[in-house]
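With the hints as constraints, model all of the structure from the sequences given.
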Amino acid sequence: MSGVGGQRGGSRYRTTAASSTPFSSQGYLWDGSNKTQEAENPQKRTTSEEKQSSQASVYQQQQEQYVGPYVLITPNETRRNQLQQIAQKELNDLERWKEEHRPGPIKLVPQRLGGKESEAQARQKQQMMLMQSKYQQKHKREEYVKARKAAEEAEILKKKAIQREKAERLEVKKRQQEIQRRETFLEDRY
1 MSGVGGQRGG SRYRTTAASS TPFSSQGYLW DGSNKTQEAE NPQKRTTSEE KQSSQASVYQ
61 QQQEQYVGPY VLITPNETRR NQLQQIAQKE LNDLERWKEE HRPGPIKLVP QRLGGKESEA
121 QARQKQQMML MQSKYQQKHK REEYVKARKA AEEAEILKKK AIQREKAERL EVKKRQQEIQ
181 RRETFLEDRY
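Just so you know, the sequence shown maps onto residues 1 to 190 in UniProt numbering.
Honestly, the hints are just simulated from the structure, not real lab data. We put the beta carbon where it would ideally sit given N, CA and C, even for glycine. There's no promise every hint is true.
Claimed, not checked - Pair ranges (Cβ atoms, derived):
{"#": "1", "residue 1": "63", "residue 2": "90", "range": "26 to 32 Å"}
{"#": "2", "residue 1": "70", "residue 2": "90", "range": "38 to 44 Å"}
{"#": "3", "residue 1": "90", "residue 2": "126", "range": "51 to 57 Å"}
{"#": "4", "residue 1": "132", "residue 2": "101", "range": "50 to 56 Å"}
{"#": "5", "residue 1": "132", "residue 2": "95", "range": "55 to 61 Å"}
{"#": "6", "residue 1": "167", "residue 2": "134", "range": "45 to 51 Å"}
As the list claims (entries may be wrong) - Okay, derived cross-link-like pairs now, DSS-like style, lysine-lysine, Cα gap no bigger than 30 Å in a straight line:
{"#": "7", "residue 1": "116", "residue 2": "89"}
{"#": "8", "residue 1": "149", "residue 2": "138"}
{"#": "9", "residue 1": "125", "residue 2": "138"}
Set out below in structure tokens:
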């Protein structure tokens, strides 16, 4: 690999960018022998030592508890208290905002709905409309059937008229041919 992430080609030492252990920080090697790294970067050594000391103090504040195969790290109390105070403040602000922006009571003048007729009259009217709608649908269907039959009749009559005209033309043609045949027959006879 070519120097990506602090790694050198062919080197068996690796540096970590961010580790979960408190004493490993960027610039320190995994196996603890960091003499070559310190010789190359003396300024980095001081900043990394400061990081190490600050991480050590945070680590001491967060006590480790060993529970079976797991390590339980207690939360940072000051940070936790700050977050809880911020959350409580936001909840109080939200409640205050809700109280301020709550809609007022609705003031409507009560009025009687349904017009001037009674419930019995309204039900009777609905029943009549229902019955009338059934009859209207039936009447509409009958009108549609009548109109369709009338259209079919008109089409049939039109076709009959066309056929009658054709038959009359054919009859006239036959008569003319008969007359012509008789004339030619009479001429041949004399």
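Hints versus structure:
For the pair residue 63 and residue 90, the supplied restraint of 26 to 32 Å holds, since their beta-carbon distance comes to about 30 Å. The hint said 38 to 44 Å for the Cβ distance between residue 70 and residue 90, and at roughly 33 Å that hint is violated. Distance hint check: the CB atoms of residue 90 and residue 126 are about 56 Å apart, consistent with the given range 51 to 57 Å. Hint check: residue 132 to residue 101, Cβ distance near 52 Å, so the stated range 50 to 56 Å holds.
Evaluation of the 55 to 61 Å hint for residue 132 and residue 95 yields a pass: the beta carbon distance comes to about 59 Å. In this structure the supplied range 45 to 51 Å holds for residue 167 paired with residue 134, their Cβ-Cβ distance being about 49 Å. In summary, the hint linking residue 116 to residue 89 is not supported, as the alpha carbons are separated by about 57 Å, beyond the 30 Å threshold. This hinted pair checks out: residue 149 and residue 138 have alpha carbons roughly 17 Å apart, not beyond 30 Å.
About 20 Å separates the Cα atoms of residue 125 and residue 138, which keeps this hinted pair within 30 Å; it holds.
Hint check: violations occur at hints 2 and 7; the rest are consistent with the structure.
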